[in-house]
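A.B. asks: The listed protein sequences derive, respectively, from chains A and B. For the first sequence, the positions run 1123 to 1181 when the numbering used here is used. For the second sequence, the positions run 57 to 552 when the numbering used here is used.
Hints are not guaranteed to be accurate.
Footprint (simulated), chain B over chain A, 3 or more residues, beta carbon under 8 angstroms [to be verified]:
id: 1; segment: 1123-1132
id: 2; segment: 1136-1149
id: 3; segment: 1152-1158
id: 4; segment: 1166-1172
Partial list, derived from the structure: chain B residues whose beta carbon lies under 7 angstroms from chain A [to be verified]:
id: 5; residue: G269
id: 6; residue: M297
id: 7; residue: L305
Derived from the structure by calculation, the hints contain no laboratory data. Virtual Cβ for every residue (Gly too), placed ideally from N, Cα, C.
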Amino acid sequence: MWILLLVPFVGLLWVPFYNFQEPALFGFPFFYWYQLAWVPISSVLVWLVYRSRAPDEAP
Amino acid sequence: MADQIDWTALAIFLFFFILVTVMGFFAARWKSGPVSEHLDEWGLGGRQFGTWITWFLVGGDFYTAYTVIAVPALVYAVGAYGFFALPYTIIVYPFVFAVMPVLWKVAHRNGHVTAADVVHGTYNSRGLELAVAVTGMIATMPYIALQLIGMGVVIKAMGLTGELPIIAAFIILALYTYNSGLRAPALIAFVKDIMIYIVVLVAVVVVPAKLGGYGAVFSAANDAFTAKGGATGLTLKPSQMLPYASLALGSALAAFMYPHTLTGIFASKSADTIRKNAILLPAYTLLLGLIALLGYMAYAAGVKVSSPNDVVPVLFKVLFPSWFAGFAFAAIAIGALVPAAVMSIGAANLFTRNVWKSYINPGISHAGEAAVAKIASLVVKLGALIFTLFLPVQYALDLQLLGGLWILQTFPALVFGLFTRWFRAEGLLLGWAIGIGWGSWTAWSNGLKPLASIDLGGASYVFYVGLGALILNIGVAALATVVIGLISPRSATARS
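This is chain B alone, in the form it adopts within the complex (with noise of 0.2 angstroms):
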């Protein structure tokens, strides 16, 4: 990495970051509501959000900046391995496309914030209730802390060095969202997805143009790993095909339990907007993609890093003259702000609606739910910040694995109650208990790993812990809902 600061690229950074900040403060007047008097207009920017707004927003959240550092580093790192984001966000979309729009309607009709608020209202139980909400709450912090390490990762490469750009960043980010709510990400969204296509049909066209096309890049790529060894390659080990099949599933079906995209989900205007955006959004499927591939394209441009999450800020840097670094950077950046935005007011909406006026004020006004999310949103970014800066970078990255684990064991709870009321909630509060605790159990017992392994009929299978442990949720919450049903009667619980 470069030691002395490339103005050249600084300057293109901050213009693009200033802009963005300005758009922050005045998306509160956008489309505009009373954001201070309702936690609808606050926490869900009105639930007006039409086709675009949302495709842009949904868009800019789920496909975070981490994911530009950190699916390369992974792909430079591993090969093939590192692909299975491809996989998983394209199937994504037909379980966005059954489900979301169920979901949409009753949280619509019952004027739900939170997936702990849909919980609630199906099964009536404060236990089931608090358990998705703080379940929300704690995956998505280091979710929001890696964020910043991906800010942090391209503000780095720009040669500037300290804590000091990351706690500015994150202070200017802190206050739009304190001050606009859901309609600041919202907006800089347009301006972020723009920037960061731009950067990627560039790069794609570009990068292999200078380094010879796309077959000598597989081809440097294919030498490289087969130097290296290992599990390592352009395809899959046999060993490695159930991990990266089991990593797509788990993760699809995790991507909208978490509070940010289902922030994106409430906030749009009606059900076919998101069915719409399930046929629409793939085109960042197809992007993430190809940004992918310059884990590859490293390879062939000769770079070498010793940390994995520098391969795309050194590749832009050794084959872009630095303004149009300067620019990638700023995508970057900027893409980072937009889902930071989005997850600390997630987490907020779930505090404010599902600890705090359940538990502390019940008699809450719409305009003190307002007024708590929004010093909500405050501490949990503060938090995300003093995550980022006083622990190891690894600690992050093994709590947002634990994350991913911990939010799928809320499928079962969020999702069935859309379709059937035969799960009674004190199953699903085990299944998810169990869940938790058997694959937090197993990751750390493997040395934070996401995989586990079980040997059936002498062979040994390895697959992604998450998805093992929905599978024992539901198997757990179906036996204890059997078992329940047989000691007390139906109508005790069930509410219709």
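One chain only, chain A, in its complex shape (with noise of 0.2 angstroms):
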């Protein structure tokens, strides 16, 4: 499940994936939704990781 902590750097940081204007959204450009929309994604990708993981020992 870690893995998935990768997702966000591989969708974000490889430019030539989101770098145009169409097909817009609302108005936006590719370049803006898609980034955006990788807000909520990373956040998901992240809780679907914590939720996978054994629960901390006792502090």
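The two chains are supplied separately, each in an independent frame; assemble them into the complex guided by the hints.
C.D. replies: Below you can see the structure in the form of structure tokens.
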């Protein structure tokens, strides 16, 4: 599951994936809504890893 | 910029400013502990902040007032390239999730207060400890100065001139930080963040509605960049892609090496608090992405400014009634107080633990540590104030840029030791020195631009100099570790 943490790095650091204007969404060029969409996606990915891991031993 | 004072805006501004000032002084009693008796109390708020307080504190501390001014300014000036702050503040959280809970556990188990404490605990090297501490203190100073500059921009927008308002705001900040420690910014962060959320949500709904929707906003910006030419536009030029990605990655790795962000980590109640925050903090990133778009909205609103830093205040003045502009300016100015307070506390903790205690008075009591840190926080802030008043703004920007590069060079010393004991302290120290030396020299010789270029196989690659310096740093540290391992036996320095 920890591999999921690397997915946002790939999705956002490989700029040729998203460096164009079309298709636009609600007036936002692709470049912008694609990166904004990664905010909730990354949160969900981190949450999935959080859920799958064993809880901490008592502090 | 208007020259006369906008009284409505100023009255609203003062109301909120006074409100948070009172809160700052009363914060000493909040979740009360003996603030002057232990550095854990003054400098880490008692190590008891749960998920929500940490969310507000780190959010208020990492997304600074300067961000609200500078990110839209850069987007206004160059377009897509200014958006690197968005991928940067997304990828930082998977990193925080994986690394910071481990760091918290080490710090909690050993009573560490600073990054340099952790490094000393891991490697038992005074040299490496001092390197990390000094880097942290120096990188923080221009960052505090930038917060003051951000505050100055909105004060100027209300028609107040001169340096007195900034000095007054700063004295207030210094006094309640001295009095209440980390509890003050933690409490004020609630007010500040709620205000910023209101301002930005109103702006991103109302402004496009007034200007004809987001389609119109983007096309106005596109027209402006087409007319302007050069390396600007709604998407990146091919030559900007590697700089964009490397700036995002380098900034993300550097972000939680700063004393102010680490203070937020060390002050949290548990490792789980930090993990939950890695899931919840991206809400601020969404906000940041929308704030960045204010730079484009300025084109649609026909705002023209000579200094890009004025773009947000002028946009608010043009589009909003005075009272809401005053509210927005108060949000930004208060937004400067939270990070400035946490930064000075982080730097003061470093000075107390890793300079004063390590070199001047090793036998210092807990109450003594708190007393030294309180004085140190005043000195740090005074330094930043003098910086702001007497040196050109450009110096603060340049030093902030170099500060990011320098703080990134503490990454191997702090993070690698959490996962492996393979690296040797001498190797890490050498890597740190060469990373800082090469990075500073390269940035300096390129006219203090954050980019360096390298020629490989006939092609030229341009990238963020801090990331290049980090790679060099790690390479040198690894090589030196191997060499030292051949010369002297492992057990001589390793402590486990």
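A.B. asks: Against each hint, give a clear statement of whether it holds in the structure.
C.D. replies: Outcome of the hint check:
Counting residues of the segment 1123-1132 of chain A whose C-beta lies closer than 8 angstroms to any C-beta of chain B gives 5; at least three are required, and the coverage claim holds. Coverage of a stretch by a chain is defined here by at least three residues with a beta carbon nearer than 8 angstroms to that chain's beta carbons; for the segment 1136-1149 of chain A and chain B the count is 9, and the condition holds. Counting residues of the segment 1152-1158 of chain A whose CB lies closer than 8 angstroms to any CB of chain B gives 4, so the stated coverage by that chain holds, three being the minimum. Remark: the segment 1166-1172 of chain A is confirmed as covered by chain B, as 5 of its residues place a Cβ nearer than 8 angstroms to a Cβ of that chain, reaching the required three.
Checking G269 of chain B against chain A: minimum C-beta separation of about 5 angstroms stays under 7 angstroms; hint holds. This hint holds: M297 of chain B has a C-beta 4 angstroms from the nearest C-beta of chain A, less than the 7 angstroms allowed. With 7 angstroms as the threshold, the beta carbon of L305 of chain B comes within range of chain A, its nearest partner Cβ sitting at about 6 angstroms, so the hint holds.
Hint compliance for this structure: no hint is broken.
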